[in-house]
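2 protein chains.
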Amino acid sequence: MHATAHPELDPQTLQVLAFDIFGTIVDWHGSIALEMQERYPQVDGDAFALAWRAGYAPAMARVMAGELPWTLIDDLHRQILDGILPGFGLAHLGEAERVQLNLVWHRLAAWPDVVAALTRLKRKYILCTLSNGNLNLLTRLSKQAALPWDCILSAETFQAYKPDPRTYGGVARVFDVAPAQVMLVATHHDDLSAARACGLRTAYIERPLELGAKHTKDGRPQAGNELHARDLLALADLLGC
Amino acid sequence: MHATAHPELDPQTLQVLAFDIFGTIVDWHGSIALEMQERYPQVDGDAFALAWRAGYAPAMARVMAGELPWTLIDDLHRQILDGILPGFGLAHLGEAERVQLNLVWHRLAAWPDVVAALTRLKRKYILCTLSNGNLNLLTRLSKQAALPWDCILSAETFQAYKPDPRTYGGVARVFDVAPAQVMLVATHHDDLSAARACGLRTAYIERPLELGAKHTKDGRPQAGNELHARDLLALADLLGC
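Residue numbers (this note's numbering), protein chains in the order written: chain A, 1 to 241; chain B, 1001 to 1241.
Incorrect hints may have been included.
[Said to hold, decoys possible] Calculated pairs, DSSO-like style, for lysine-lysine (alpha carbon to alpha carbon, straight line, at most 27 Å):
hint, chain 1, residue 1, chain 2, residue 2
1, A, K143, A, K124
2, B, K1143, A, K124
3, B, K1122, A, K124
4, B, K1122, A, K143
5, A, K143, A, K122
6, B, K1122, A, K122
7, A, K143, B, K1124
8, B, K1124, B, K1143
9, B, K1124, A, K122
10, B, K1143, A, K122
11, B, K1143, B, K1122
12, B, K1143, A, K143
Calculated directly from the structure, the hints in this document are not laboratory data.
Note that the coordinates shown come from a computational prediction; the quantities given were computed from them, not determined experimentally.
For reference, chain A alone in the conformation it holds in the complex:
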């Protein structure tokens, strides 16, 4: 991570920070629970958020297994939503209400440290997203939360969902750098582990409230991650930004 006259040509220099979004940058659980409380106060927003998110990995797995054609996360979110509404007493919701509710994923709030930390990190590094969210979702979410990305990269860019190696390797190829010049920043060890297998550096962010206050995460350091930080401001400190 030392400076050179032409850092873009130095294979030792960390150049790109690629960020996971759901949980790492935005509080999907809190945002969904809050919006459910406002729209449908009779529903348990905590359980609803967890049920919606629980359908996410299996839906992507069906796409990657070829059981579904390539499908954007907006559409997978909608399929999962339609599936869980009856169990929460909301089978009666009409099309317009479902469309609006599904767009909650475009309105997720960032954790309070994010904007200030990204602003610091952006002075030194290229900041991009690497999320399974589609470009539309990531762009609108980032715009409303004022997230200062240099570039938005998505599973949609690579037509493959994390943890497929095409996504992690794709970031290095897009920016014409070695995999070790890219660091994935995420709050999920499986994501980070898959990135390391592709040669990326990794930084773990704790986010103890990702699943809500009732379901605390085990945020203790795990072997393999080059950096471990409480939040993104701590990451900026560690990276000297």
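Following the hints, complete the assembly by docking chain B onto the known chain A.
Chain B in isolation, oriented as in the chain A frame:
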């Protein structure tokens, strides 16, 4: 362009401004001529910039005709550069010098109105690039010029070069809007005409110095463009930003 409670669902509302980059946002001619003057003062920087750019459309045409496989603009720029160096007495340049010179396309300067105008336009619209430049070029160029895009879209995103309809239609599909909710902003009538054929709105920007002070462009209004503006500040005025 009227406001509604849910503008993202109103098919009448302009939502996305997609910007051509070379000539419209950045002064490729002036930036290359200046860098040539600094590096190789014996070379006619004006002629060099024009010769380099002149190879651009034919190279993309060879890719789109299938004579070349999909090739990023960084690599096409390098092939064209290698072809023109001998004619300018620079056949002796080594690999490192060629690599550095080719990266001038990552360092192009924005026209002086751009940052202030994009900052105004961004309050009301999603701002994206739609350029034949690759994602790496567009990201690094935008970072050094502090261009506040919401999303960087490229021919690389769609694996097709403008004026292929996949690029213009692709912007609407990415953002899940109707083509008429997207406006292409460019200083080239052929680009705008192809966008209109795909249902996009169009705005022409004059940029009389795109080809240098010795080669003024005909910037008079042409039929078909919804808006015609001297520069991006004038466009922001026209769009009420």
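Verification of the hints:
no. : hint              : in the structure
1   : A:K143 x A:K124   : 22 Å, holds
2   : B:K1143 x A:K124  : 11 Å, holds
3   : B:K1122 x A:K124  : 24 Å, holds
4   : B:K1122 x A:K143  : 9 Å, holds
5   : A:K143 x A:K122   : 16 Å, holds
6   : B:K1122 x A:K122  : 19 Å, holds
7   : A:K143 x B:K1124  : 11 Å, holds
8   : B:K1124 x B:K1143 : 22 Å, holds
9   : B:K1124 x A:K122  : 24 Å, holds
10  : B:K1143 x A:K122  : 9 Å, holds
11  : B:K1143 x B:K1122 : 16 Å, holds
12  : B:K1143 x A:K143  : 17 Å, holds
Checked against the numbered hints given earlier, the structure satisfies every one of them.
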